[in-house]
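J.: Below are the chains, spelled out letter by letter.
Number of protein chains: 4
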Amino acid sequence: MFTGLNQKLTEELLEAIRFFNLKGWSPATSTNYSVRSENKSEYIISRSGVDKSKFCGSDLILINQKGEILPPFNKPGIKSSAETEIHTAVYEMFPEVNCVLHTHSVLGTVLSHSLVQEKQIRFEGFEILKGIEGNKTHDLVETLPIVPNSQVMSEILNNVKGRLDKNSHGFLIAGHGLYSWGKDIATAKRHIETYEFLFECYHMMRRF
Amino acid sequence: MFTGLNQKLTEELLEAIRFFNLKGWSPATSTNYSVRSENKSEYIISRSGVDKSKFCGSDLILINQKGEILPPFNKPGIKSSAETEIHTAVYEMFPEVNCVLHTHSVLGTVLSHSLVQEKQIRFEGFEILKGIEGNKTHDLVETLPIVPNSQVMSEILNNVKGRLDKNSHGFLIAGHGLYSWGKDIATAKRHIETYEFLFECYHMMRRF
Amino acid sequence: MFTGLNQKLTEELLEAIRFFNLKGWSPATSTNYSVRSENKSEYIISRSGVDKSKFCGSDLILINQKGEILPPFNKPGIKSSAETEIHTAVYEMFPEVNCVLHTHSVLGTVLSHSLVQEKQIRFEGFEILKGIEGNKTHDLVETLPIVPNSQVMSEILNNVKGRLDKNSHGFLIAGHGLYSWGKDIATAKRHIETYEFLFECYHMMRRF
Amino acid sequence: MFTGLNQKLTEELLEAIRFFNLKGWSPATSTNYSVRSENKSEYIISRSGVDKSKFCGSDLILINQKGEILPPFNKPGIKSSAETEIHTAVYEMFPEVNCVLHTHSVLGTVLSHSLVQEKQIRFEGFEILKGIEGNKTHDLVETLPIVPNSQVMSEILNNVKGRLDKNSHGFLIAGHGLYSWGKDIATAKRHIETYEFLFECYHMMRRF
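From first to last, the protein sequence lines are chains L, G, Y and E. So the first sequence is residues 1 to 208, counted in the working numbering. So the second sequence is residues 1 to 208, counted in the working numbering. So the third sequence is residues 1 to 208, counted in the working numbering. So the fourth sequence is residues 1 to 208, counted in the working numbering.
If you're looking for bench data, these hints aren't it; they were derived computationally from the structure. Just to be clear, a hint being listed does not mean it is correct.
Identical chains blur together in the list; that is why a pair holds if it fits in one copy or across any two.
[As the list claims (entries may be wrong)] Here are the simulated DSS-like cross-link-like pairs (lysine-lysine), alpha carbons at most 25 Å apart as the crow flies:
#1 LYS119 / LYS79
#2 LYS23 / LYS130
#3 LYS66 / LYS54
#4 LYS66 / LYS79
#5 LYS130 / LYS119
#6 LYS54 / LYS8
#7 LYS23 / LYS54
#8 LYS54 / LYS161
#9 LYS161 / LYS119
Extracted from the complex, chain L is given alone in its bound form:
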């Protein structure tokens, strides 16, 4: 349905979505994904309720900054992700961000659920930290905010907004999973992979 640059973006986004599904990070129709379209005030986003092991080009739709589905995608039965508001809020907060990804791994779920009282998860000293944009060394501390889960997106956003700045690249929703973003799809995918790898290191270190 998309053409030109938007078609290229959807192809790259689909590749990332398939990669995450093979990793087991998008069970049971969970997760959602978006990329800023060629028209910078519109976003290409995943439809609600689709099995990610079968996700394809026709499951991506175009929305505006209010999260409204744009023609020709606004057909009966087509809904944008229930978490569309998180995507539009991230794009609004960070004009340089062009891709927002969300994974729902077992470790992302369990760590955020277990550590929600601590309000953050803290990583230190791993080489993989260089996978986060701007980090030039392993010798630093990186934290990821954790906010309580809610079915009301504005509650999640109210909790997390004050804790994000331009050096932020993601956050965890308790018992729900990871949001991360980047200047392009490759960077956002790298951030997701980095955080998911850090979750595994964190969990293994904790019980070493």
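With chain L's structure known, arrange chains G, Y and E on it following the hints.
T.: Leaving out everything else, chains G, Y and E in the frame of chain L:
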């Protein structure tokens, strides 16, 4: 062998069977799967004893409500799954159910074996709970009955029937695995994925 | 190189070898596999030292009951598996066995290494036990002998032979892995999958 | 871009890179790989910053012994791996080595991070030890040096050089991962697989 709607159903069922096998949820010819046929009083079900890594269309056969194999599938050497009676019983109990799936994962085996005295496993507060039909929030408790294993299907059914109602979407047989179902193949597959993901969260939380 | 029935056997054996490699059960050129050829006193066996992720038809050779490579396979540089003697001994002990498989998983390695003093590993009450030929119920105890590792095959065979009878379907070599067999390739593959699944259950139960 | 023997080498190297990525040993643009070219004083090495799930032939470039990119690969924006210096140093130390590989697995990261004070990791008694060149038995002890991580390659090399001799086949950088090598790509790949398998055995034994 199937045509029309039944052919489409078998293709979708085969896709789910392959997906589960890649996950490692159907080792050593274990597991069985069915879908209600176009004729609602007949069911398409997996043959007994087939390696699920090689399972194909000719391994699906048609049975009636008594579990008898219907022509042209009633050939010498062709047997329906040993657990056919569980499938027919679920369809009888729940007229709105159109697909019954069974997985045999390591975690489904070990959790049900270890928790059989507690008669159930209990999940609370995870976003993935919304993967179960009817759940609109993570903020609830979901339980899955566990019944002792038996080689006599009527014993399993006698134990589980009184514990299922129309809000039930599955149960565990101790040391054996998960049965789940839904209004269509996609819903039943989503339920299996949701429960298997919850098993992983449960196990990880227990030893956090 | 093989024709007729032997060609069919090699194709089925290759499929099992690829399946095990994807499971991670044949790291670093480890493991070996054989099937009794159409001529029942000859065996088709894997060559020594081949990366199993690249294993193909030309890596299977024909040997006789003494383990000697038969023409046209007896070319310079072609060696039969270092553990050929175990394969020929199993075929000699059990005339009804037509396939011998060996996997080298992390769990097979660690469990056999850790439990070698107990001389066996014991499984009880799991439905998957029905994956072992002859078992009609989950309600039984199955044991698998464990023998110390050695680079001298006759030592391994001397230790294990007295502990195997016609109801035996495999054994473990400490820190080395699993041998299992069956009346055909499908049965031997099912036995390997069953034991490897039991190893996972055993390990998870032990630390539940 | 490569021809003749170099083309064959790049194809084999790409196959190993894809294998490691499927194992999850190269997350988030981490890791680097090289092979000695037909001209023995030049090396084919992976470009910096490429997603290994998409890595292809055009991501391999030619460098000399000083790590300088050679024509026609020396184009704007093309950078050799940040760890090029480790590769060139290994080739200089060991003239018989023709391939150097680096993986970044969760276990390689966590074990090296946790055991850095012990300065090495020690493996004993596993059959898989025969995967290391020159080992004829499982009945031996193999150690792998661990050095602290640094963003200055000369620091890493100063720490590790005195601890390597011609019987060495690899080392760990703390919180960073594994370097290993061999006389050809197959041997270096086998070493990586062997060490990664040993990491899994070590970790499982430690908490058995």
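J.: Hints first: check each against the structure and report whether it holds.
T.: Going down the list of hints, with the structure as the test:
no. : hint            : result
1   : LYS119 / LYS79  : neither (32 Å within a copy, 39 Å between copies)
2   : LYS23 / LYS130  : both (21 Å within a copy, 21 Å between copies)
3   : LYS66 / LYS54   : neither (28 Å within a copy, 34 Å between copies)
4   : LYS66 / LYS79   : within (14 Å within a copy, 41 Å between copies)
5   : LYS130 / LYS119 : both (23 Å within a copy, 24 Å between copies)
6   : LYS54 / LYS8    : both (19 Å within a copy, 15 Å between copies)
7   : LYS23 / LYS54   : both (14 Å within a copy, 15 Å between copies)
8   : LYS54 / LYS161  : neither (33 Å within a copy, 34 Å between copies)
9   : LYS161 / LYS119 : within (14 Å within a copy, 43 Å between copies)
Checked against the numbered hints given earlier, this structure breaks hints 1, 3 and 8; the rest are met.
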